[in-house]
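**Student:** Sequence:
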Amino acid sequence: MFLYFKNPGDANPVGQINMRDARVEEVDHVSDSDSEDREGDGHSTELTIGIFPTHQGPTYLLMPSKQEKDSWMYHLTVVSGGGPNAGTQYEQLVQKLMETDGDPNCVLWRHPHLLHSKESIASPLTTLSSEAIQIEAIKLFKSCQLFISVALDSAGIDYHVVLAQNALQQCLDMPELQAELMCALVKQTSRHTQHKIGVQVNRTITKFKHSRVSVVAAFPACTPVFF
Numbered sequence: 001m002f003l004y005f006k007n008p009g010d011a012n013p014v015g016q017i018n019m020r021d022a023r024v025e026e027v028d029h030v031s032d033s034d035s036e037d038r039e040g041d042g043h044s045t046e047l048t049i050g051i052f053p054t055h056q057g058p059t060y061l062l063m064p065s066k067q068e069k070d071s072w073m074y075h076l077t078v079v080s081g082g083g084p085n086a087g088t089q090y091e092q093l094v095q096k097l098m099e100t101d102g103d104p105n106c107v108l109w110r111h112p113h114l115l116h117s118k119e120s121i122a123s124p125l126t127t128l129s130s131e132a133i134q135i136e137a138i139k140l141f142k143s144c145q146l147f148i149s150v151a152l153d154s155a156g157i158d159y160h161v162v163l164a165q166n167a168l169q170q171c172l173d174m175p176e177l178q179a180e181l182m183c184a185l186v187k188q189t190s191r192h193t194q195h196k197i198g199v200q201v202n203r204t205i206t207k208f209k210h211s212r213v214s215v216v217a218a219f220p221a222c223t224p225v226f227f
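Once you know that position 53 of the sequence shown is 53 in the UniProt record's numbering, the rest is easy, because the numbers rise by one and skip nothing.
The set of hints was computed from the structure by calculation and includes no laboratory data. You can take every hint at face value.
Listed next, with one range per pair, are the computed distances between beta-carbon atoms: (1) Glu26 x Gln56: 19 to 27 Å; (2) Asp10 x Pro64: 15 to 23 Å; (3) Val150 x Gln67: 34 to 42 Å; (4) Gly156 x Asp28: 54 to 62 Å; (5) Glu25 x Ala151: 47 to 55 Å; (6) Ile157 x Val27: 48 to 56 Å.
For glycine and all other residues, C-beta sits at the position ideal for the given N, C-alpha and C.
Please work from the sequences and hints to get the whole structure.
**Tutor:** If you want it as structure tokens, here you go:
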């Protein structure tokens, strides 16, 4: 369900769209009275995403940048149940698990890309808007690896505190990395069933069951929420 609000702090949505089986696609600029008032020279091009639900009229979202448009296209496509090849490999695997309602017997739970890795990742786990943030995501994963691999004893307390502080500050400075951090922690605390993989990991196993992706973003006129 896609909920949208007039103001970011509002508790009650002004409308909603049932995203199940809705068609999501890029469309040419759709003019309305508000956008026409903003048009001056007639040369600017609006980046527009169209949502075409099954039982109601279409809704159009105007994007301020290509990065925003690409990110929204991915999340809208996933939440509508389409685009099996949309997103990163990690996101595709999570989407497939969501379609099975997190069935604990599903073989995908044992996919190496979802489990603890001693090697660093070559690309981010989540879809990110720029190459610069993608590089920071890989650095963030390495920080998680260091945090887990170094023994947590009295001599290493300060080291772990600094690693955690730096990682959290990085996510505050770049909010796009918050989902990346969550996925990295889930991956690095999910052990292989065949063998043990580390002292701390064995003590903090997390099952990624019944997961749902929540996306919150703000536009000048509305704040949509997906669930």
